[in-house]
Amino acid sequence: DTGVSQDPRHKITKRGQNVTFRCDPISEHNRLYWYRQTLGQGPEFLTYFQNEAQLEKSRLLSDRFSAERPKGSFSTLEIQRTEQGDSAMYLCASSKTGRFGYEQYFGPGTRLTVT
Amino acid sequence: AQRVTQPEKLLSVFKGAPVELKCNYSYSGSPELFWYVQYSRQRLQLLLRHISRESIKGFTADLNKGETSFHLKKPFAQEEDSAMYYCALVFPSGSARQLTFGSGTQLTVLP
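Same order as they appear, the protein sequences are chains A and B. The first sequence stops at residue 116 when you use my numbering, and every number in between is there. The second sequence stops at residue 1095 when you use my numbering, and every number in between is there.
What the hints contain is simulated information worked out from the structure, not anything from laboratory work. Note that the structure is predicted; figures quoted are calculated from it, not measured.
Between beta-carbon pairs, the in silico distance windows are:
| id | chain 1 | residue 1 | chain 2 | residue 2 | range |
| --- | --- | --- | --- | --- | --- |
| 1 | B | T1092 | A | L61 | 28 to 36 Å |
| 2 | A | R23 | B | G1000 | 41 to 49 Å |
| 3 | A | K15 | B | F1060 | 45 to 53 Å |
| 4 | B | E1004 | A | G86 | 30 to 38 Å |
| 5 | A | D64 | B | T1092 | 40 to 48 Å |
| 6 | B | K1057 | A | S67 | 36 to 44 Å |
| 7 | B | M1068 | A | T116 | 20 to 28 Å |
| 8 | B | Q1062 | A | S74 | 33 to 41 Å |
If you want a taste of the chain B side facing chain A, the calculated C-beta under 7 Å gives, among others:
| id | residue |
| --- | --- |
| 9 | R1027 |
| 10 | L1028 |
| 11 | L1030 |
| 12 | Y1070 |
| 13 | A1080 |
| 14 | Q1082 |
| 15 | F1085 |
| 16 | G1086 |
| 17 | S1087 |
| 18 | G1088 |
For each residue, glycine too, the CB sits at the ideal point set by N, CA and C.
Given the sequences, and given the hints that come with them, work out the whole structure.
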């Protein structure tokens, strides 16, 4: 296991199209996070899964965004009817429950450009 | 609302000079604080966390609850320390334990 992986690494789409990103966490990690990072800013929390349950969502996660984690393994983040403001780096992170269970390991990110 | 502030977007120092990256937070309780680093073309990775009081790659950070600060320090900067540094915190009362990040400081260590 080489760490958290994300696919695709880059996505260019036209405004109004739907896009879906995938995250594969470290295999024994039960916690999975999605963050969004725009230019010049730190990552901002979007949503959190513990196993297959989506337990928390940020106000940043509009109705056009949906995330799933079927069977508690990989996760997908879908953006419907993309807007130019959705252009950002989307980061996935995973961690496991434990003494330092909040140590999150990040993936390389998916850079979305909406034209 | 909880917030993490990194006042310097850019910081340049010469090799061998001391470096301090500032981080202030706004939270009335006792957050858990971290420094993350992102080297060029690499993913974000944990550098250190305050509860373990560790020194990683010569870096240390002390939590000052009175000043609500968690500055990152290194006595002698090296060129390989050039990277983007993010201060982040977790609120222990939350179940998600999501990270709240500052906007980052780009450190450049000059030869």
